[in-house]
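Residue strings, one per chain:
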Amino acid sequence: MAKIFVIGIGNEYARDDAAGLLVARGVKKQPHEGVEVLEQSGEGGKLMESWKGADAAIVIDAARCGGAPGTLHRFDAGREPLPAEFFRGSTHAFGLYEGLEVARSLDQLPRRLIVYVVEGRDFAAGIGLSAELEGAIPAVVAAVTREICEIQDGASLEAQSNTR
Amino acid sequence: MKNKTIKVDFLARVEGEGGLYVKLKGKTVADVQFRIFEPPRFFEAFMRGRDFREAPDITARICGICPVAYQMSSCHAMENACGVKVEGQLRSLRRLLYCGEWIESHVLHVYMLHAPDFLGYEDAIQLAKDHPDAVQRGLKLKKTGNEIVNLLGGREIHPINVRVGGFYKLPAQRDLAELAEHLKWARDAALETVRWVATLKFPDFEPDYLFVSLRHPDEYPFNEGRIVSNRGLDIGVQDYEKRFEEQHVEHSTSLHSVLAGSPPYCVGPIARYSLNFDRLPESIQQVAREAGLGPVCKNPFRSIVVRSVETLYACEEALRIIAQYEPPESPAVKVEPRAATGCACTEAPRGSLYHRYRIDDQGTILEAKIVPPTSQNQNSIEQDLRQFVEPRIHLPEAELQWQCEQAVRNYDPCISCSTHFLKLTIDRG
Chain Z
13 MAKIFVIGIG NEYARDDAAG LLVARGVKKQ PHEGVEVLEQ SGEGGKLMES
63 WKGADAAIVI DAARCGGAPG TLHRFDAGRE PLPAEFFRGS THAFGLYEGL
113 EVARSLDQLP RRLIVYVVEG RDFAAGIGLS AELEGAIPAV VAAVTREICE
163 IQDGASLEAQ SNTR
Chain C
1158 MKNKTIKVDF LARVEGEGGL YVKLKGKTVA DVQFRIFEPP RFFEAFMRGR
1208 DFREAPDITA RICGICPVAY QMSSCHAMEN ACGVKVEGQL RSLRRLLYCG
1258 EWIESHVLHV YMLHAPDFLG YEDAIQLAKD HPDAVQRGLK LKKTGNEIVN
1308 LLGGREIHPI NVRVGGFYKL PAQRDLAELA EHLKWARDAA LETVRWVATL
1358 KFPDFEPDYL FVSLRHPDEY PFNEGRIVSN RGLDIGVQDY EKRFEEQHVE
1408 HSTSLHSVLA GSPPYCVGPI ARYSLNFDRL PESIQQVARE AGLGPVCKNP
1458 FRSIVVRSVE TLYACEEALR IIAQYEPPES PAVKVEPRAA TGCACTEAPR
1508 GSLYHRYRID DQGTILEAKI VPPTSQNQNS IEQDLRQFVE PRIHLPEAEL
1558 QWQCEQAVRN YDPCISCSTH FLKLTIDRG
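If you read the sequences in order, they're chains Z and C.
Here this note's numbering is used: the first residue of the first sequence is 13, the next is one more, and so on.
Here this note's numbering is used: the first residue of the second sequence is 1158, the next is one more, and so on.
Just so you know, these hints were derived from the structure itself, not from any lab.
It cannot be assumed that every hint is accurate.
Once the Cα atoms are required to be at most 25 Å apart in a straight line, the calculated DMTMM-like pairs of lysine to aspartate or glutamate come out as [claimed, not checked]:
1) Z:K40 - C:D1214
2) C:K1286 - Z:E97
3) Z:K15 - Z:D165
4) Z:K64 - C:D1280
Here are some, though not all, of the chain Z residues that point toward chain C, as calculated from beta-carbon distances under 8 Å [unchecked claim]:
5) Y25
6) G54
7) E55
8) G57
9) K58
10) M60
11) F106
12) E110
13) V114
14) S117
15) L118
16) G138
17) S142
18) E144
Every value quoted in this text rests on a predicted model; they were computed, and no experiment measured them.
C-beta atoms are modelled at their ideal positions from N, C-alpha and C, and glycine is treated no differently.
Only chain C is shown next, with the shape it has when bound in the complex:
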């Protein structure tokens, strides 16, 4: 029997640098390893001894793509520890900020990283040469997301205006009004994006996923909700670590997150969408249906459509928040430290991001735990590859490798969050 190993030393168009190893034995897949070389969990260690108020600014540095997610999870976790709940307009402004990050991150992936796969281009550079109007639209749409993060976060890169309890400074009404005008254009561009990606050709591939996401009683989830699955899991965030654990696997230095007693689980856009379709406004549900999506999306390649639908939702939600906005009395509520442990989970563009902190009565951080979405999706990525490769084993080497890379890119894995450099390796020996 012939053994074959597919080896790719570099995985293009994923955040960071990592590795993929697929070993084939005859017509079957003998082994799949999605490798992440993670340095020691620097940030968890670095947080110890710091003041609890520093957590949002420090954790925002973990990822250049989704700093808001880290800020939101850390703020909520600290507020949870201190027994404070941020409500009303401050809560709405946090949702608005998250809208900005979803728009930025999703649009970057849809146009620059994922669309080239479906249109047969090596990268966005080639795509831009043949489809300049589409790429310009994507860049302008992404810029609207940047503007939200800039206005609420104080600056685009590692926003600094977010604090435990709220914000340092509230946005000016005239700035919000100007932003709303840009968002009206963005809403139309997002709708156009959904229709554009709906025309792409998707491989026939629908694994029987175990989806996990936040779910809120009324809203499509950003900052708050219970952790649910499509197989009956329904727990409060405080019980996260009773059900989910992180395991070390030999081939990866990043911890793999598992749901005890269950197969690999999937977080991110298709999980969130499939568990919260009924929380989308009727008009957006209709757009999704017209784009060929049902209330559940199990084809990971269609995540490009789901990201586009979520971008449209983020534009709509941002406009709704600005329309109802009345400035609160204060940019933040007071948060006094106490000796306690607090946790929170929010929905980063790539999926659920869990933070837990233990602080003392002076607010000094004694312990920190951060579980990013990509480390939760590692097992699901490997499972996808096992199922995806076998029916395609006959494909020429380059074609199979290309398709494997696409299967990884479906997750928009932000390896920068869970590690630093990623090497990808597919090997036919």
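Extracted from the complex, chain Z is given alone in its bound form:
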């Protein structure tokens, strides 16, 4: 059984920035074996600590990248670097992109690291998601849940082939 960390990033007092946290809470409602759900502010140094010890991590963040609000992007960050331009809208000087790529430089990434970014519209201080994001949350929770199942299935297949 792979140890998977699901890490929601955001600030619930910055409207759409809360999306990552809400997805994490949604995933937590349906417990999965081997899965730990964490919430983070997105500060890169802490993120680097948070995925230590995991076989796989799934990170969910909201960002403003020029696409339509609610659009979901998936990056297989364990395989290839994150696109820098995509993460320019981070509220952190040393955020997800920087923490992840420094970890890559130091060979400190988990074996699998999947990043989901959902496009937000309104990042002003305040409570409550914009309508587009509100509507997108269940689909993101479902995508993360599928990802968890695929990782666990892959780990179980790997374990079976190792025992043969």
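Once you have looked at the hints, place chain C on chain Z.
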């Protein structure tokens, strides 16, 4: 005469997103605007109608980097309103918690945000490729700060164990003993950090700053003290708003804080250090001298050395607090609400953070005012840029822009606290 405007749409390695606009006219600087686009002061409005006990947890959400500062200023302000003073070991534990935040925040800035400027790297990612040992040391040192905040605050992100009157739960002795072992390593790493940054090359730039900071009779300031300057200001925190006011400027939606009748003032590490050098232990004063600092530091680029010295102090102070710690009888003192106004100022890593609240006899918050360090430093940042750019006006565009960005990063501006997204713009038209 040729007019030139430097425009940069994105300011890297500062917390948040903001803007910088520099207009050049021939060989002189015609205008500098450090732009912050601040949404309405949501948190001040959001606090109204809430219970006074909620203030530490709500204000901790303002900033992911310095939640402890917001908790400390709000707790002290509420206790001030209710006529309660938290003393003894609970006060010491609050200092210990603040040590954790200073270590986390300063080390992040020193290694990940500021050091790349001096070593010629685009960012910490490139720095980590060439200097993995230094970056690993920084990350481990920062982690020790996280551990303090985790132990005292209950968790690293938006700590929840802090309350008006003290804490919800006291730390276990064995956890403090384990933390002390990590802090011994951290103290050595912090000393190594001071020596590492002391070898960097700093531009020759020393503005005649008006420094403002807390000053305490005996301690290097965290939670308590009078508000002083290097030009004779010496007031109690209750008089803050009689001397400091916030002004709206057209180019920024964040309010600019000014000291009435005075030039722009500077808060943060170099101000705090310069006004409190004599409050550092002799051993740390010696380390600072060996790193090339005098008792006053006016070169903002050397703030990387000052942050490292303050990190060393935070490690030493944390060890001192743990060594003398005896558990108090209760994790908190009782705080009963009364109709009153209370204020407090504490030293966030980036500088003085002022809170004022008016509450009714049931403890409902009627009014809140929060003045973060970055909004106080905006005028000082603009003044630095005016003075810094003119002798360097001949530099190629990219070089000048890079140096301007560095001059802003000297302040470690936490724009997340005073606004949300920041766009940076330098323009040569």
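Quiz item: Does the structure break any of the earlier hints, and which numbers would those be?
Solution: Going through the list in order, the structure violates hints 17, 18 and respects the others.
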